[in-house]
Amino acid sequence: MVKALVVTGFGINCEEEMAAAYQLLGAEATILHLNELFQERDSIHNYDILNFPGGFSFGDDIGSAKVLANKFKFKKMHSGKLFIDEISKFLKDGKYIIGVCNGFQALVKMGLLPNIGGNYEQEVTLTNNASGKFEDRWVHCSITPDNPTPFLSDKSITGMDLPVRHGEGKLIIRDDEIRSAILEKKLNVLTYTDKEGNSTVDYPANPNGSELNCAGLCDISGQVFGLMPHPEAYLSLYNHPDWAGKKRTNPNISEDGEGMMIFRNIISKIESKN
Amino acid sequence: MEKAAKAGLLKSSTDNGAGGLSSSIGELAEITGGAVVELGNAPLKYHGLQPWEIFVSESQERMSFVVEPDKKDALFDMARDFEVEVTDIGYFTNSGYLDIRYKEERAAYLDLDFMHNAVPKKYMEAEWKTPELQEPGIVDADNNDILLQLMGSLNICSKDPVIRVYDHEVKGKTIIKPLMGENGNAPQDAGVIRINHKDFTGVAVSNGIIPRYGDIDAYEMSAGSFDEAIRQIIAVGGKLPNPNEKDGIFWTVNDNFCVPDSLYDENKNPDGKYKLAQLVKMNEALYDMATYFNIPLTSGKDSMKNDFKKGNVKISVPPTILYSMAAKIDDVRKTITSDFKEAGDVIYQVGKTYNELGGSECYALFDVLGANVPKVRKDDAKRIYDKMAKANEQKLIASAHDISDGGLAVALAESAFGGNKGCSLSISETEIGVLAELFAESHSRFVVSVPEGKAKDFEKLFDKDCKKLGFVNNEDNMTIIIEGEEVINSKIRDLFEAWGKGLRK
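Protein sequences appear in the order of chains A and B.
Here this note's numbering is used: the first residue of the first sequence is 1, the next is one more, and so on.
Here this note's numbering is used: the first residue of the second sequence is 1, the next is one more, and so on.
Read the hints as simulated data drawn from the structure, not as lab findings.
Among these hints, one or two may not hold up.
Footprint (simulated), chain A over chain B, 3 or more residues, beta carbon under 8 Å [what the hints assert, rightly or not]:
#1 74-88
#2 160-167
#3 179-187
#4 339-349
To give an idea of the interface, some chain B residues facing chain A are shown, with a C-beta separation under 10 Å as derived from the structure [said to hold, decoys possible]:
#5 K173
#6 R194
#7 I482
In this text, a Cβ means the ideal position worked out from N, Cα and C, and glycines have one as well.
All chains should be built: construct the whole structure from the sequences, respecting the hints.
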């Protein structure tokens, strides 16, 4: 049985749907307040995959997920162990981490993504949308072929519609060196596209103006995956803004949402290893 | 709080709104007959607050909990885990007094009965005088121009700029959203949210508000707003509650009053009696509608002194009531969206249009009020709403959009926005004239599109309650012919542009 841990607390608010994704696919999902981990009443090592959901942790004060990233990076737990060391061990054990929206921002600001240098230095950031506003809309993302992450391993799927809801989703890359490495290693695994499937910087297809029109990143190992769009909010056909049109065109259409694919992939991967 | 409540740690709780602790504790104390409050324990943001200030402060994000003594430790432990500040500020008694202390001193000592029951009853006079109003004679109107202006008017235009800066997708349960369709351009009539991720039970949420009508008749304004809230839920596939059937379909409504001061004063409020009469009529309509449709009011809010005064100028708000309604939806997969789906679908108007342009958005363009305000015809409404639910059960409906601000023409345009569709329509004869057919805001009506193969069943079900208008097509055009004359011929693209720019002017 695949065990997913979904963290919550401090203003994170997408934990319920994140857990539902795993439960609907027959895996076990546990929602824990971060303090339960920091108090060491449970441990991330008891799980196969660690989920950082979306939300408004710490009210986005001093920057979305800045405080959360600092907590993850510098927190000394009850016994004196550093939480970041547990994360390192978790990844060394071959386990997986996914961060959505606020979770992605945390992974980026604590240096876990893209982590090309391998020492948790911040190499990119996610900042204010080019429009200067919070954006709640649906986008289309293409999946980079031959990418290294098992979260997107289903080769039969080349793209998907997804909802975005964020104020600070614009990806900025620290320097040319990092950019080249990202492109070379295909770490920019999700890209905002227009209706024809071409990568675009045009608003609103690209809702935030991210460099490389990038919607999601993974690290070199592929174990850590972060994205601004919310796959956990598209678990059902009926989440899609045109579900009624789709159903009229194809009455036998599947009732699964395209977002399920990401969770299905990682559960398969974990099951195949166990 | 959710976790604490599930663990049985909270006996009762109430929020701190108007009046702060004085309200929340004052009200809770009625249950046991008294309380002791130690204001010195209340955590403060800064020093120097007087005891009375602490007691009536309306600082936000505070709740008052009632906790049994043996649950206190568990609650405080849980709060510590969540880093939520919880403070013991007193206990309930049956002394008959609200005993407020500040450290060693007694700050207040109030007889509870006096506090709650001793307010003298105010007796106010209401006097209704029917305003003398006339219907204007509007001739030689350019209907296409009226429609274009209506699409861009503030009450009708797209609220996209507001909708997109708030998260309406969180929790992943939103099934009918404010804007849907292929391009996220189709405005919907009510929100529908799933209860959980496992089954498909849901709740529809709607809002009815039409302040303009109050200048003509406050009763019809209130009844009309109530009808608007109902028909929005019917439009997405809801079904009226039936106390005789154990189908578990419950509805509920909250009222929100925003009215000017209605206490008569010769100098300061010379039309106070009329304003109070308007308020009385609003409530009469509320009673009539709620009891007729079996939709109980479970809560509400009132704001009763909305006047601006500066020097000799006094501006009073128009008496306004907002009805926010919620209804259980058995299966959210069977809800309906408002956008036209496919060329060839047949378009109907459900419900009847009357010569009721009074208070309309159309008349507002000409700066006139009119006199014939739309009236709610409850029996007709109920019959129509029952038929809509039946039609949905029989899967006859491709799209449904309630007709409101701007009338039929606006509803048709909005239905075309979603899927890059157009429509061509014709009304063979009219007793009410072109302007009313296009722009009157008569209640309890819908624009419904039906797949051609289901048209016969639809017409049989609705009989005289539907009127076939025409067809959905793939043109970038809306044409309407009335009594053989083309009265509307507009490009959907132009209408959409005007609609989209409304708030950005």
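Honestly, which of those hints from before does the structure not fit? 7
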